[in-house]
Each structure stands twice: as structure tokens, then as C-alpha cells.
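A.B. asks: One-letter residues, chain by chain:
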Amino acid sequence: MTKPKVASDWLAGCAGCHMSFLDMDERIIELTKLVDLRATPITDLKEPDKSGVDVGILEGGISNTYNEEVAIKMRERCKILVALGDCAVFGGVPAMRNFAGADAALKRAYIETESTDDSGMIPNDPELSTPIHVRPVSDVVKVDVFLPGCAPSADAIFYVLSELAQGRMPKVEGEFNNWH
Amino acid sequence: MIQLTINGQPVEVETGSTILDAVRKAGFNVPTLCYHPKLVSYGSCRLCLVEVEGARTLQPSCVVPAGNNMVVHTDTDKTKSARKFILSMIFSERNHFCMYCQDTDGDCDLQQAAYDEGMTHWPITPAYKPFMVDASHPDFILDNNRCILCRRCVRACTELVGNATLGFEERGSGSILIADNNVPLGESTCISCGNCVQFCPTGALIDRRSAYQGRETDLTHVNSVCMDCSLGCERVVKTRDNRLVRIDGNLDSGFNESLLCSDGRYKPVAENRKRVTTPMVRRNGQLEPISWDEALSAISVQFKAHDSSEISAHISPRQPVEALSAFHEFFADHFHAGQVALLGHDQTAIACAKLAAEIGAFESGISALKDCDIAIVLGTDMVKDHQVAGFFMKRQAMHDLKMFIANSTRTTVGDWSSNKLDYVGTDYTAVVDVLRSFAKGETANMTEKLQHLGLKPVRAEKVLGQLHESQKPVIVLGKEIARAENYAAFRDIVLLAREIGAKVVALKGKGNNFGAALLGYEMDAQAKSAPVFFLALGDGHACDHTRDALAGSEFKIVQASYASEFTEMADIVLPCTIWDEQVGHYLTSEGKLGLNQQAIQAAEGNKSVPEVLKVLAGKSGLTLSETWRTAVEEKVAAIVLS
Chain A
277 MTKPKVASDW LAGCAGCHMS FLDMDERIIE LTKLVDLRAT PITDLKEPDK
327 SGVDVGILEG GISNTYNEEV AIKMRERCKI LVALGDCAVF GGVPAMRNFA
377 GADAALKRAY IETESTDDSG MIPNDPELST PIHVRPVSDV VKVDVFLPGC
427 APSADAIFYV LSELAQGRMP KVEGEFNNWH
Chain C
2 MIQLTINGQP VEVETGSTIL DAVRKAGFNV PTLCYHPKLV SYGSCRLCLV
52 EVEGARTLQP SCVVPAGNNM VVHTDTDKTK SARKFILSMI FSERNHFCMY
102 CQDTDGDCDL QQAAYDEGMT HWPITPAYKP FMVDASHPDF ILDNNRCILC
152 RRCVRACTEL VGNATLGFEE RGSGSILIAD NNVPLGESTC ISCGNCVQFC
202 PTGALIDRRS AYQGRETDLT HVNSVCMDCS LGCERVVKTR DNRLVRIDGN
252 LDSGFNESLL CSDGRYKPVA ENRKRVTTPM VRRNGQLEPI SWDEALSAIS
302 VQFKAHDSSE ISAHISPRQP VEALSAFHEF FADHFHAGQV ALLGHDQTAI
352 ACAKLAAEIG AFESGISALK DCDIAIVLGT DMVKDHQVAG FFMKRQAMHD
402 LKMFIANSTR TTVGDWSSNK LDYVGTDYTA VVDVLRSFAK GETANMTEKL
452 QHLGLKPVRA EKVLGQLHES QKPVIVLGKE IARAENYAAF RDIVLLAREI
502 GAKVVALKGK GNNFGAALLG YEMDAQAKSA PVFFLALGDG HACDHTRDAL
552 AGSEFKIVQA SYASEFTEMA DIVLPCTIWD EQVGHYLTSE GKLGLNQQAI
602 QAAEGNKSVP EVLKVLAGKS GLTLSETWRT AVEEKVAAIV LS
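Chains as they are written, first to last, in this note's numbering: chain A, 277 to 456; chain C, 2 to 643.
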């Protein structure tokens, strides 16, 4: 049996969920025996295989048009999509911006900060993605497994991945279902 | 009794029980949010929906009465999906992001309900509509964004505290929690009792001092007794790493029903006076640190150098019975000191002890206040003193309890009642005379007596006219009518109460006032300067007359927890443990002996009053007995009706 392929990416998050993933320490070796780790933000390969992967993992919420593209691409290329952490599951800390709106947030960050002089301006290069209303991943694409937590514990991540690697759908419950 | 079946299991409950009561009695559970065992059920959150066979729709179990032969199911696909849907709707309404809420991980009922339903995400995206945050109050913050509109706070404020400050404005999902007619909480009629914060199931009411200080499970919980007034409310002191984080009312308390007043809940946590850390002696006009041994030896030398009558000893009612007993034994019994007195001037406990010695036991427990058909409140402002007892009165005033209130200053305790009669003044003899006439139904020639007190005859007739037929009258006595000059009126009203079967509740000043009175203390209202003045202030305060007496004394010894004008003028200062740092007994106003448990460890160098007295007694070749308990219990039995 070939090992299931796993790819991950991060969107509007803090990378903390991926740090928590690394926090499983030596169990990563155990995990790599079970799965084929493909593209991740912390490996050389940056995009999920065109031929597709078995499990896609997304950390972070959807806060701009680029996040949307990444999420859609991951969904297209994976069989099972895992929303990893509170930002991917709920919108998380970036979603606080929604209460004020992206325009107000950009103005505060680029013009009104105490250290900004009169030349402050909101970046407007056409190459840049556009900030949008922050949403959980499940608002853009279908999510199969929700693993909330800020960040989810290494134990919870290991449990979810090892279940998926062995062809079972993980049940996120008990201490692994922790919204913080 | 009613018999019904819950999830196939037969159960019998009392008539008037709800389906929820039956469900829990049968050993099952349905989640709740707006329901609280201390409050009248409201049925707003719908989380407790159950399936009742034959009923057209799911039924809210917290408000639907259990009926005979009902067949109830709590965990069907229908109820489970309803619960999930309700929670999804609640999460979608406002800002319920757990990761930046102060009330999380087991402390939040909403989060717990979601966990219990196995929710891992929100099926409905939140609306992100911002709501008003009111941070104008010094003790807590009201964040409408976290509110689930369960109105537990509103009901606690009204049903339990009788204050009705909190309420709602707007409708439906736009409802917002406000104070009064939407004024900032800090400028409202809020009395800062904080019971709303304790009743809030989410993070909508935020305790400023304990927010983000750890989850409930991170805190050490110690059941203890509040020492601020003599009610002795049962409370839970919550600490972390030997630091006081928060004080809550004890939910299991039948006495104070989880309620606390602002003094009990916030004063100890907000304490910011500077602690005395080491014994000090005055040398060349300056206080200098010395060792305990040197300090106590110096005090012992002074005691030996003076005639016993030249010693004046004063102690705070915030000290445990152990300290009061040892203090009295040491200074009064062994030394025959010129004055051994308790700080303060509330004579109620002393008057009760004196009267009981004459006429026998006459007092009833505080619970009499919770269920009465007329309340006669003489000489106490229950809005300022003994506030929790005041809550019991105020909430009944909302149901138009007949109330007659006499006090030298106007009190608002009865203001909700339309059957209230207020006398502002101090002529308690005339007040008791009027009450006697009404109690005996002898109301001829009343007009003159009433006019003398400035009372309107029509109103007086409305409130007191049926006093002689009243079934559950209660008479509350406080510090003004208990003054020595009013003793005759105090005696008369108690005798009248006995005649008409009214229950008498006497509210006995601060802290351990009752215990002190039974140990033979006088009040230090006539504190006199003396060649040697020993002031066991502890963590309490003392009045101006005590300060003046101390100032005029020659050798001043002050044992105190905090630096103050008293320690500033002392010749010897001894550091003292505070209430939460010591184990000790406490005699409540209704004569219940409670044990206060130590919640925090005192810093090295602090000693309790009994510890100091033990050493001082040793230096004088004395041994202090510890046999106060039997004497106190016997004396209580002679005053309070069992």
C-alpha cells in the first residue's frame, strides 16, 4: 500500500498551528512512516501536487483574495480537507477585523499608527491581493475535518493525522475539541 | 406527587416540579443556559428542549410543568439537532470567539454546551455586528458582544438583590443589556454587589480583577465566611499562587443564597493599603524595625511597669472569636486592665445579650426576613449596613410588602413598595407606642400620635392597620434603637413582638460584634487615653475617638496588618495577619458559629493576635485557656430561639 500524501498551507493565521504540529517532536518520524509529507510552508515543495494528495491541511482564515485562491486550489487537489486551528475553523483573531471592516483596519495599520508620519499610505499595488471580509475556510470550500484550538495541541494534530493515515475519519472530541 | 417517564425510566416528582427537575432527578441531563436554580425560570434560550410524547412541538423543560404519565425523551435525533441549531444561532449572533474571551475553557456555559453537543465549528457564520461595551464601572465591564440575552444578570439583579438596575433595550437579536434607562453602569443605580457577574454564563460581564487570571480550575477554592458585617455570608475565596484573585458567593449557601454585597465581594480583592511587614519600635521619633522578641519583651516591660488599671486594650471586631477570647482573658481576667473594649459603637449585640438575660431568648434567624407579610425596620439602614439582609427586604418590597421603617436618616430599603411608611427621626419611644396601638388594634386617638411622628394617618392605616391580624410579621432591630438611651423602647418592642408573635431579627454591627458581646466586651465609644494603650487593629479600621484616645496615650502599641495613621503614631507596631490568612471562628448575627478557613498564607513575620497574646502571657507567667466554645454556645442559646 502506498503511503497517503499529505499537503498543508497557511492562510490568515500566525503559523502557530504549524508550530504546534512540529511540537509533536519525535512522533513526526513515526508519522512520516505512515504518510508522505508533500508540500507544506516549512518544506521545499510549496504547492500541493497537481496529481492530487489524500489529505490537505489549511491553517488560518480567509482574509484576502489570495487566501481564497489557495483554499480553492487545496480543495481541488485533496480528497480530505482539514481546517486546522481556530482561525481556519472560526475565522479566529483575524476575524476581529470584521467588527470594524477591512478599510478601517488598513487605515489604522498604515496611516494612523503612532509611528507613522504624514506620508503613510495604504499599499495599493495591483499585484497585491485585496483584503476581504474574514471568513472561516468552510465558508469558501467544503471542509471535512474541523480541528479547532488556538493552537490545537500536538496530541490532537497527531491523533487526527494518524487516524487519516490509517484510513479512518478522526472524531474530534473530548480534550481534542478545545476552542480555547 | 407526579409520575412520569424520562428516557424510559419512571420517576416521581413533587407537584409543581418542571420537566427539567424530573429529568435531573431521573439521573439524566439536558443542557441549559438561561436556567439557574436560584432564579425564576425564563425559558428564553430553548437549549433545554425535550420531546414530550403527544406534544405538538419540542418543549422547554425548564418551564413546562411535569405532568402525570408524561413520556419524555431528552436525547433523540430531534432534540439533538434542535440543540445544535440553537447553539449555532447563538454563536452566529454576536462575538463568541473563545480564543480572545476571558471566560473560557470550562468556565463558560455556552462553550461547554457546544462541547457537550460535540460541535467542532459554527455552521452559521457570525454577523459581526458590534454591540455596546460599557467599561464605566470600577469593578466589572459589561460587554454586550458576549451576551446571549439569557437575562440571568437581570433576574439576579431584580429577583435576588432587589435592585433592578439591569434591564434590556431594543428587541430581538438587537437587544442590549443596559443599566437603568441606558446610562453608563458606573453612573447608574448599580450598588456594585457583583452578583450579576457571578450569574453570567458567558463572558458578557467581566470581573476586572480576575479576568485573564486563570480558569476556575486553575484557582484554589476555599469555602469561608465574609467578615465585613455580622451577617457572616458564606463565600468562596479563589486564589492562585497564594494571591487573592476573586471572591464569589457560595452557591450552596442556604443563608445568603450565593449573594454577596460589594464590601464582601470586592473590598478584600481591591485592598491596596500598604502592609506592615516587620515589628517596629519608635527610637528618636522614628519607627525602626526590630525583632519580634525585642518588640514583645519591650511590651512586657511596659505591662509590668504599670498598674493594671493604667492599661487600656482595644480590639477590632474583625478578629476571630479565638482572638477576642484570648484578648479578653489576658487583659480583663488576668490584668484587670482599666478598659477592655471592642472598636466601634454598635450596641445591638450588647443590648440583645442584656435583654435576653432579663426576658429569655427572643431572636429569630435571618431567614425570617425572606418570608414575611409585614416588616418593621427600626434603627438601621439596610441599604448601607447588612446589605445582603437588605436584599431580602428589597426584593419583597417589589411585591408590595408592607413596610414600616424608622431611622434617623431616610433609607431607600422599602422604596419599591407602595405599602411603605417612613419615619425619619429618633423618637423610638413614640414609634413603639404607635406600633403597640396598631398591634393591639387600639387605633382610637391615633391621629395625634401619628402627627407627632409626622406620619400621615391614612398611609399609616394602610400599612399598619392590619398589624394585629398579620400572620408573619417580622421586626428588624438595628444600632439606633439598640443605643443605651433607647433601651426601654428596645425592650418594649421585643416584648410586643413576643405578644403578637412577630419574629425579631437584630442586626449586630460589624464582624464578630456578637461574639465579642457574649465574651463581655464593651464598645470603645468612650475610649480613654491611658499610660499604656494596646490596639489590636488587625486588618480593620478604627474611629476618630479611638484615634484621639490613642494619640493622648503615653505608650502606644498597635498590632495592625496595614500602615495607617494608627501605626504612624505607635511606639511599637506589630504586623498582623489579615482575615483570609488565618483560621478562626466567627459568630454570625443570628448566632451561628462559623469556621473561617485560611485562604492565603501570610508572609513570614506576620503573627495573629492570639499568637502575640500567647507569647505576652508567657512572659507574664500566664497560660491562656482555649475554652471559649462552650460558653459562647450556651450564651447564644440563651438569646436566639432554636
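I should point out that these hints are in silico values taken from the structure, not numbers from a laboratory.
Just so you know, these numbers come straight off a predicted model, no measurement behind them.
Accuracy of the hints is not assured; some may be wrong.
Distance condition first, Cα-Cα at most 20 Å in a straight line; then the derived SDA-like pairs of lysine to any residue [as the list claims (entries may be wrong)]:
1) Lys275(C) / Met570(C)
2) Lys593(C) / Glu258(C)
3) Lys447(A) / Pro124(C)
4) Lys447(A) / Glu258(C)
Just so you have them, the derived chain C footprint on chain A, three or more residues with Cβ under 8 Å [to be verified]:
5) 358 to 365
6) 371 to 382
7) 404 to 415
8) 442 to 455
Even glycine gets a Cβ: it sits at the ideal position worked out from N, Cα and C.
A.B. asks: Hint by hint, say whether it matches the structure.
C.D. replies: Against the structure, the hints come out as follows:
| no. | hint | in the structure |
| --- | --- | --- |
| 1 | Lys275(C) / Met570(C) | 16 Å, holds |
| 2 | Lys593(C) / Glu258(C) | 16 Å, holds |
| 3 | Lys447(A) / Pro124(C) | 17 Å, holds |
| 4 | Lys447(A) / Glu258(C) | 41 Å, violated |
| 5 | 358 to 365 | holds (count 3) |
| 6 | 371 to 382 | holds (count 5) |
| 7 | 404 to 415 | holds (count 5) |
| 8 | 442 to 455 | holds (count 5) |
The structure fails to meet hint 4 from the earlier list, while all remaining hints are met.
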